[in-house]
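Participant: Position chain Y with the ligands against the provided structure of chain P, taking the given hints into account.
Chains P and Y, in that order, give the protein sequences. Residue 102 in this note's numbering sits at position 102 of the first sequence, with consecutive numbering throughout. Residue 616 in this note's numbering sits at position 359 of the second sequence, with consecutive numbering throughout.
It is possible that part of the hints are untrue.
As the list claims (entries may be wrong) - Which bits of chain P does chain Y cover? Going by a derived footprint, with three or more residues having C-beta under 8 Å, they are: (1) 120-133; (2) 140-152.
Unchecked claim - Think about it this way: if two alpha-carbon atoms lie no more than 30 Å apart in a straight line, the pair counts; the simulated BS3-like pairs of lysine-lysine are: (3) K277(Y) - K789(Y); (4) K207(P) - K759(Y); (5) K789(Y) - K635(Y); (6) K634(Y) - K277(Y); (7) K634(Y) - K789(Y); (8) K668(Y) - K156(P).
No wet-lab data here; the hints were simulated from the structure. Backbone N, C-alpha and C fix where the C-beta goes; we use that ideal spot for every residue, glycine too.
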Amino acid sequence: MTTATATTPARADPTPGGLLLRVANLHKTYRLGRVDVPVLHGVDLTLGRGEWVAILGASGSGKSTLLHLIGGLDRPDRARNGRARAQIEFRGRDMVNCSQAELNGFRCADVGFVFQFYHLLPELSVTDNVLLGTMIKHGRWGFMGQRADLRARAHKLLDAFGLGHRLRHRPAELSGGERQRVAIARALMNDPSLLLADEPTGNLDRKTGAAILEVLAGIRAERGQTMLMVTHDPEIAARADRVVHLVDGRVVRPSDG
Amino acid sequence: MGTVPAVYHALLTRRYLTSKVMPLLASLAVVLCTAMVLITWSVMGGFLNNLTQAGRSLIGDVRIAWPNVGFAHYDELIGMLEADPSVEAAAPIIETFGMLTLLENRTEGVLIRGIDGGSFSRVTDYPGTLWWRPLDEPMPKDGGGDDLRLADENRLLLQRIYEDGLRLRELDPVTGRPESAIVLGVEVGGWNVRTDWGGYYPRVQHLATPEGGSELMNKFMPGSGELSLLVVPIDSQGRPLEPQTAKLPVANEFESGLYDIDRQTVLMDLPALQKMLRMHAAKRVVRGQEGAGSAFEGFFDGEGEVAPAQTVEDPARVTSVIVRMADPDGDLLAFRDRCHEIYAEFAVAHAGEVPSGSVIGIETWEDANRMMIEAVKKETGLVLMIFTFISFTAVFLVFAIFWAMISEKTKDIGILRALGASRLGVAWVWLRYGLAIGVVGSVLGGVLAWAIVTNINEIHEGIYTTGKWLGTHLAGREWNWYIWDPKVYVFKEIPHKIEPWKAAIVLVGGLVSCLVGALWPAARAARMHPVKALRFE
Ligand SMILES: Nc1ncnc2c1ncn2[C@@H]1O[C@H](COP(=O)(O)OP(=O)(O)OP(=O)(O)O)[C@@H](O)[C@H]1O
Ligand SMILES: [Mg+2]
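One chain only, chain P, in its complex shape (with noise of 0.2 Å):
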């Protein structure tokens, strides 16, 4: 019943920029003591450069299992059962059967995640939080070599996010639309190709949601960033350039739904 969906790749229309991410069989299965939870049966989704993507679905169908699978965070399930193989193709680069340490590379300088619940470290300043994925990238000796630069780079990203006053403050020491900014900052910092964002405005009220919406838009219309981005509002998943919904552990097109 999974393999039906897998051979028929949906590819609606071939993007302009080209093809960023190609996710094909993703299953995902849980293991709660001796039950399987299977949460993805087979989802194929294709992403193509500076685009702006929704996945729309009901809260426990996944949403944030598929992300972490396509962020390096997890790995999908092993091919079993005559199953086809699982595939997630990063600008061609097969990021299923690669190293661990390829996929901590990956995590660190082509993707930036931004969480429905900011994660910001809560001994760190707001500077040092944005620069974290930065150090993390380039070791000690790197930098220190470039930590001016680093540094007013973060410092111009939260200045653009209306933060350039709050930069030495603690991250509870801020609103949570705040802290989002801070995280989106974070998210930029090292360049990631793709921007990953789950449901980054479900823990904040209508109006605060609305305007971290618009640094996205404005994100993307600056820099044409490729973004996926995790929500269950349809509203919300409005202001992207496509919907994708899942349910059930699998993409369905708004036809099929």
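Facilitator: Then chain Y with the ligands, alone, in the frame of chain P:
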């Protein structure tokens, strides 16, 4: 990505360390443990050092010994030894046992050492151990200057007594002629009272007189005829001969710092002891051929009643020759071997007359004091071991605190992984953190230990005066809060030096403990699944 080490490691270590109370508590535990171990080790080690130095003060560096029977031609041996550049000086001594009858017929078994004052002083620190002598400065704990050796009016008398002690002679008060005298360990006679500050003053006692009255009796340095010393000469077959008794005056008393030695040892003029033990130069009777050349035969002194077939002069003998190294920090074992070589040469020259080089006993001062040194070493080791075990609480504390912190910081770990940090990178955050706690803890612990140990006598004194003051105000009498009571311990002061190598070992130990404590939690952090960490509530 996630190079190790990276800037985020340092940053997180610093932030975690300064924004949390728990790691500060862990650091404090490390401070206390390192300080405790270092203080104990330093004080106990200093104590051991004092003890060994005290044990060394009266035996020289190497002792060549042939017990009981002794060996002859020792002057020649000493000449050969002193001709060697590695030898500072050598001295003949006799070591034997005897009975000392003190005042009121109290009899004590004692260790008697016959010494030649001059040579003995060159080989050992004998002059420094003589208690009765004029003193310019009060002793460390003698705050009140109670010491009668400080008094100007005693100066002349004490100087004379000191010189008598050095020579083991005393002028006979009746004839005015010098006579042989003994020098006792300061605890032998029992007539000295040990003061609170660890010194001595002579006990003054009222004695009942036969007439029914009482007489003030000063037992200081009993004169001629008051003490008697009994020794049993032994012939070459180990058979005891007629016991010999001598009545001798006391010239002075010595304090080596080792209670056992100060309690049992009597020093005596060498020629006098040789005569009592029949080890002096004497005539020997040789019958026919058989005894020719053997020094280990029965002998008779000049007054022997057996009609001699042939009379030869037998040289004087001693049981030991003690030797001092020219270089005080030289290699003791090499020096012992050198002495052995010299003795072997000497034995070849006197083959048949003295024990051969292969049988003679040659030992260093360390060998001679092995029992005592080993005991204290074991004690030090034991205490150290106990404290080291206690210090494992620091390891455990670091472990427990880290375990708790990693649970608390699970989300941070997930975030770091999401930003591209490797497992190793995450582990290193915590190892580095443990290292930081270890460095801070052990360095502060080292400083604390240094502060306490270098001032330990002042601290001790402070505790003592506080006790005295509190006691007089609260209980109407002085409380003795001395932990290291100079009245009891032979050393007046607590050792107060930290050896750098000990400090280094303890500091590194503290650091390693912290790393060990952080190891498992760090591994747990590294194994954590990033998604689970991110979803962690
Ligand atoms: N570690 C896990 N073990 C077992 N089941 C899990 C685990 N993680 C997630 N699940 C289950 O997988 C399903 C999908 O979870 P996921 O978080 O991806 O959903 P979601 O679409 O993001 O939901 P939401 O909109 O509420 O965030 C849920 O039913 C969840 O209970
Ligand atoms: Mg979710």
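Participant: Hints first: check each against the structure and report whether it holds.
Facilitator: Now for the hints, and whether the structure bears them out:
1. A count of 7 residues in the region 120-133 of chain P with a Cβ less than 8 Å from any Cβ of chain Y is obtained; the coverage claim is therefore met, three being the minimum.
2. Only residues whose C-beta sits within less than 8 Å of a C-beta in chain Y count toward coverage, and the region 140-152 of chain P has 4 of them, enough to reach three; the restraint holds.
3. Our distance criterion of 30 Å between C-alpha atoms is met by K277(Y) and K789(Y), whose separation comes to about 24 Å.
4. About 66 Å separates the Cα atoms of K207(P) and K759(Y), which puts this hinted pair outside 30 Å; it is violated.
5. A threshold of 30 Å between alpha carbons decides the hint, and for K789(Y) with K635(Y) the separation of about 53 Å lies outside it, so the pair is violated.
6. For the proposed pair K634(Y) and K277(Y), the alpha carbon gap of about 42 Å is over 30 Å, so the pair is violated.
7. Proximity of K634(Y) to K789(Y) is assessed by CA-CA distance (about 54 Å); at most 30 Å being required, the pair is judged violated.
8. Our distance criterion of 30 Å between C-alpha atoms is met by K668(Y) and K156(P), whose separation comes to about 27 Å.
Violation of the numbered hints given earlier is confined to hints 4, 5, 6 and 7; the remaining hints are satisfied by the structure.
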